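Same order as they appear, the protein sequences are chains S and A.
Those letters in the first sequence? Residues 1 to 236, by the working numbering.
Those letters in the second sequence? Residues 237 to 842, by the working numbering.
Keep in mind the hints are simulated off the structure, nothing from the lab.
Every value quoted in this text rests on a predicted model; they were computed, and no experiment measured them.
Please note that a few of the clues may not be correct.
In silico SDA-like links for lysine to any residue, alpha-carbon gap of 25 Å or less [unchecked claim]:
(1) S:Lys83 - A:Asp396
(2) A:Lys753 - A:Thr785
(3) A:Lys437 - A:Asp451
(4) S:Lys83 - A:Gly608
(5) A:Lys770 - A:Ala789
(6) S:Lys43 - A:Ile705
(7) A:Lys548 - S:Leu170
(8) A:Lys548 - A:Asp451
(9) A:Lys439 - S:Arg106
(10) A:Lys548 - S:Leu172
(11) A:Lys646 - S:Glu113
(12) S:Lys67 - A:Glu444
(13) S:Lys83 - A:Lys369
(14) A:Lys548 - S:Gln169
(15) A:Lys548 - S:Gln174
(16) S:Lys67 - A:Lys753
(17) A:Lys679 - A:Gly331
(18) A:Lys439 - S:Phe48
(19) A:Lys548 - S:Lys43
(20) S:Lys225 - A:Lys548
Below are the chains, spelled out letter by letter.
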Amino acid sequence: MDHTHSQNPRELQMARRLCWHCQSEVSGEYFCDRCAKVQPVSKETDYFTCFGFPRRLTIDQSKLEAKFYELSRAFHPDFYQSKSEREQTISLGNSATLNSAYRTLRDPIQRAEYLLDLDAGAIKEIRNSPPADLFEEILELQDTLNEYRGADRTSAIWQQLRAKLQAEQLTLEQRKQDMEASLQQLFTDWDALQDRGDSTSQARTEQDPLLMRMREILSNRTYVKSIVNDLVATIG
Amino acid sequence: MSRIVGIDLGTTNSLVAYMKEGHPCVIPGRNERTMVPSVVAMTDNGLIVGDPAKEHLTRTPERTVYSVKRFMGKALEDVQGELAYFPYSLTEQGGVIRIKLGEKSYSPPQISAMILKELKHRAEEHLGESITKAVITVPAYFNDSQRQATKDAGMIAGLDVLRIINEPTAASLAYGLQEKTQGTIAVYDFGGGTFDISILKLKNGIFEVLATNGDTHLGGDDLDREIANLFLADILSQHEIDLSAYPDHMQTIRLAAEQAKIELSDELNTQVSIELPGNKGRFTRKLTRDQLESLTMGIIERTLVPCRMALKDAGLTPDAIDEIVLVGGSTRMPLVRQRVQELFRKTPHCEINPDEVVALGAAVQADILSGGTTDMLLLDVTPLSLGIETMGGVMSSLIRRNTTIPASAKEMFTTYVDGQTGVDIHILQGERELANDNRSLAKFRLNVPPLPAGVPRIEVTFLIDANGILNVNASDMRTGQSQSIEVKPSYGLSDQEVEQMIEDSFKFAAEDVNARKLIETRLEAGALSTTMEKSLSEGGQLVVPEEITAIRAALSALATAKDGNDPRAIRARMADLERSAERLTVAMLNDSLTRGLQGKKVSDLT
Numbered sequence: 001m002d003h004t005h006s007q008n009p010r011e012l013q014m015a016r017r018l019c020w021h022c023q024s025e026v027s028g029e030y031f032c033d034r035c036a037k038v039q040p041v042s043k044e045t046d047y048f049t050c051f052g053f054p055r056r057l058t059i060d061q062s063k064l065e066a067k068f069y070e071l072s073r074a075f076h077p078d079f080y081q082s083k084s085e086r087e088q089t090i091s092l093g094n095s096a097t098l099n100s101a102y103r104t105l106r107d108p109i110q111r112a113e114y115l116l117d118l119d120a121g122a123i124k125e126i127r128n129s130p131p132a133d134l135f136e137e138i139l140e141l142q143d144t145l146n147e148y149r150g151a152d153r154t155s156a157i158w159q160q161l162r163a164k165l166q167a168e169q170l171t172l173e174q175r176k177q178d179m180e181a182s183l184q185q186l187f188t189d190w191d192a193l194q195d196r197g198d199s200t201s202q203a204r205t206e207q208d209p210l211l212m213r214m215r216e217i218l219s220n221r222t223y224v225k226s227i228v229n230d231l232v233a234t235i236g
Numbered sequence: 237m238s239r240i241v242g243i244d245l246g247t248t249n250s251l252v253a254y255m256k257e258g259h260p261c262v263i264p265g266r267n268e269r270t271m272v273p274s275v276v277a278m279t280d281n282g283l284i285v286g287d288p289a290k291e292h293l294t295r296t297p298e299r300t301v302y303s304v305k306r307f308m309g310k311a312l313e314d315v316q317g318e319l320a321y322f323p324y325s326l327t328e329q330g331g332v333i334r335i336k337l338g339e340k341s342y343s344p345p346q347i348s349a350m351i352l353k354e355l356k357h358r359a360e361e362h363l364g365e366s367i368t369k370a371v372i373t374v375p376a377y378f379n380d381s382q383r384q385a386t387k388d389a390g391m392i393a394g395l396d397v398l399r400i401i402n403e404p405t406a407a408s409l410a411y412g413l414q415e416k417t418q419g420t421i422a423v424y425d426f427g428g429g430t431f432d433i434s435i436l437k438l439k440n441g442i443f444e445v446l447a448t449n450g451d452t453h454l455g456g457d458d459l460d461r462e463i464a465n466l467f468l469a470d471i472l473s474q475h476e477i478d479l480s481a482y483p484d485h486m487q488t489i490r491l492a493a494e495q496a497k498i499e500l501s502d503e504l505n506t507q508v509s510i511e512l513p514g515n516k517g518r519f520t521r522k523l524t525r526d527q528l529e530s531l532t533m534g535i536i537e538r539t540l541v542p543c544r545m546a547l548k549d550a551g552l553t554p555d556a557i558d559e560i561v562l563v564g565g566s567t568r569m570p571l572v573r574q575r576v577q578e579l580f581r582k583t584p585h586c587e588i589n590p591d592e593v594v595a596l597g598a599a600v601q602a603d604i605l606s607g608g609t610t611d612m613l614l615l616d617v618t619p620l621s622l623g624i625e626t627m628g629g630v631m632s633s634l635i636r637r638n639t640t641i642p643a644s645a646k647e648m649f650t651t652y653v654d655g656q657t658g659v660d661i662h663i664l665q666g667e668r669e670l671a672n673d674n675r676s677l678a679k680f681r682l683n684v685p686p687l688p689a690g691v692p693r694i695e696v697t698f699l700i701d702a703n704g705i706l707n708v709n710a711s712d713m714r715t716g717q718s719q720s721i722e723v724k725p726s727y728g729l730s731d732q733e734v735e736q737m738i739e740d741s742f743k744f745a746a747e748d749v750n751a752r753k754l755i756e757t758r759l760e761a762g763a764l765s766t767t768m769e770k771s772l773s774e775g776g777q778l779v780v781p782e783e784i785t786a787i788r789a790a791l792s793a794l795a796t797a798k799d800g801n802d803p804r805a806i807r808a809r810m811a812d813l814e815r816s817a818e819r820l821t822v823a824m825l826n827d828s829l830t831r832g833l834q835g836k837k838v839s840d841l842t
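Work out the full structure: start from the sequences and follow the hints.
Right, dumping it as structure tokens:
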């Protein structure tokens, strides 16, 4: 297990959690050991912890789904219909949190973005703007798109622009795929680093460049994705 | 826990079902029919609902409400385009449509409440116990206002609505229970007024909705309208009569169009014959299935657009769908089945009666809530994105469509001016960029302590519950105090209005009971008169002429009382009639006994 600085106070806090109903100490995950009442998922609990998963970027989808179904059966308001109002409120809140957690964790990109926010550390302040070459390309593409939208559908120029945009779309989609492949590699590297489990300054120096690289690609990918969406919406 | 029933509150028909020994079943009425037509008529003797009300469609069209579901959670401007089709008059008050029936005006939830009460009454009679809790189904694509209006209707009817569930998902529960289906299924639900498509993943008792889409203004009603318009055009050209000036005939045409459509699901051609106003004879014409299909093809194609969008949102191709289930009366049309089959490339399922499957599923959900069924769980989604209006009139999305519910989103608000004491928040639902193009759900003002600009930090939580209904909460991050928010719905009844309607409904309940009693007494009186007439004609010779005169007098007194509005007077005249006919009855009994005994020996009788 990794014990980074940010996690320790949180774990201490969880250890001292008291049941809202019988005031006894809660050591179990979501239910009081003594009165078996459902406990609210704490605001501080991150999505990985919520699912009982380590903070890794590669997740076994079928395990994630199985856990989601299991927790849904534990929290869903359907099963709290005859319980007290307080328990119904907790069930509703927990279900909503669980659903957000599942939505975030099941998508590799959202999962990575979420983890980056949690573990950003020193790189949190880095500005996210597209690199100059990509920026240039996007601007040029926007111009072509505008020209295409304004062009007469029967003209030869319209045909030319359309062909150009179609080619551009293919290039960008390829680029997006390449980015996703690099991300996949970075995810694996990151997880391996976490598995080593040391929290020395040496590990930290290996970790930060990885985080930075991931953040950069994720952010560039967002630009590419939105321009591809724009392209698809325009040329169909 | 007391019993919870499942109710399908449909555009054309409504049903109530319950779980009986692990199997859902629909509760029939006294007439053995399972469906209650969603029709409410205002008669001289009060309001009537269902089959008897349906008879008033052509008699008093201006006072007979049908398809009220189309108006739930809507403002008048939303339905401007189809006002001409409805013979009853619609107005608006506080963003909510009102339907004028005689002297009074009713909101759509009040009309729906009358239908719900009829179903409640039916269930109580059948089960012999008081029913106060229900699960009610709505189209999956219903927005927040439409869901809230349905919940209001339940409250007005004296029902605690424990859950609003989506019709296609309810259907999947019924199928899941009966067929033990696993895998990815698509539910194509084409009803009387609405269309829904839902794609679900069924695995180990979990029913997870992946995506849903639809059109809350697309149904069998629209198909009927196309056919009716064809008839109207024919009548205009052949008989030079513009029927739109005759509301009662317009209803006859609408019903004839519906009937023709239904017949053409089994037959290749049909014949309509409608009496024209002012002794202008009859309009007759043939309609073939081919003609029907070319008339309605456009509407049926419109259902395929949401299907493709739902597939796209679920990230699936048609091949990934293992099974397709048909729900709703409109799926009986062969063309509908054919187009669905072509899109999904597999034969659709329709083993469970498409009219009843939604109510059956609602009963299953009711059983889950009451703790009876524990192995099944439905995880539904919100059909539309929820957001708030931001600077420049743009919608900023907080909860995306097809997000599993319950779902929540938090947003931090602050001030732009020193000492500002309020922040206005406008909540929207829809998929468009601009706030104005989306549905306005509610506006409210967030109270902020007067502080320098940017200092206050108010966190607002938007939570969509398991009913798909929005709840809003705010808390001041500085003080940790939460703030209750008075949300005035843009297109809905306020809490006070709903309370008033519940009160009114108790007041009218007495009137309703009287109306029901009157109808029932009249029916009994009619039956008694018929029996007596028969006795007179068969056994008149058995009594003296004075008695016959007395019986005739009692019969005509009863007929007069029957035309009146007092059930007690009818009862009294019925008793008079029975008394005056006593001797005749006895004489006939003796006579039949004597004749029965003829030719029999005494020994045979013991």
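Structure-based check of each hint:
no.	hint	in the structure
1	S:Lys83 - A:Asp396	16 Å, holds
2	A:Lys753 - A:Thr785	30 Å, violated
3	A:Lys437 - A:Asp451	22 Å, holds
4	S:Lys83 - A:Gly608	15 Å, holds
5	A:Lys770 - A:Ala789	16 Å, holds
6	S:Lys43 - A:Ile705	23 Å, holds
7	A:Lys548 - S:Leu170	20 Å, holds
8	A:Lys548 - A:Asp451	17 Å, holds
9	A:Lys439 - S:Arg106	17 Å, holds
10	A:Lys548 - S:Leu172	21 Å, holds
11	A:Lys646 - S:Glu113	18 Å, holds
12	S:Lys67 - A:Glu444	14 Å, holds
13	S:Lys83 - A:Lys369	16 Å, holds
14	A:Lys548 - S:Gln169	19 Å, holds
15	A:Lys548 - S:Gln174	21 Å, holds
16	S:Lys67 - A:Lys753	57 Å, violated
17	A:Lys679 - A:Gly331	13 Å, holds
18	A:Lys439 - S:Phe48	23 Å, holds
19	A:Lys548 - S:Lys43	34 Å, violated
20	S:Lys225 - A:Lys548	17 Å, holds
Figure legend: structure checked against the earlier numbered hints; hints not met, in rising order: 2, 16, 19.
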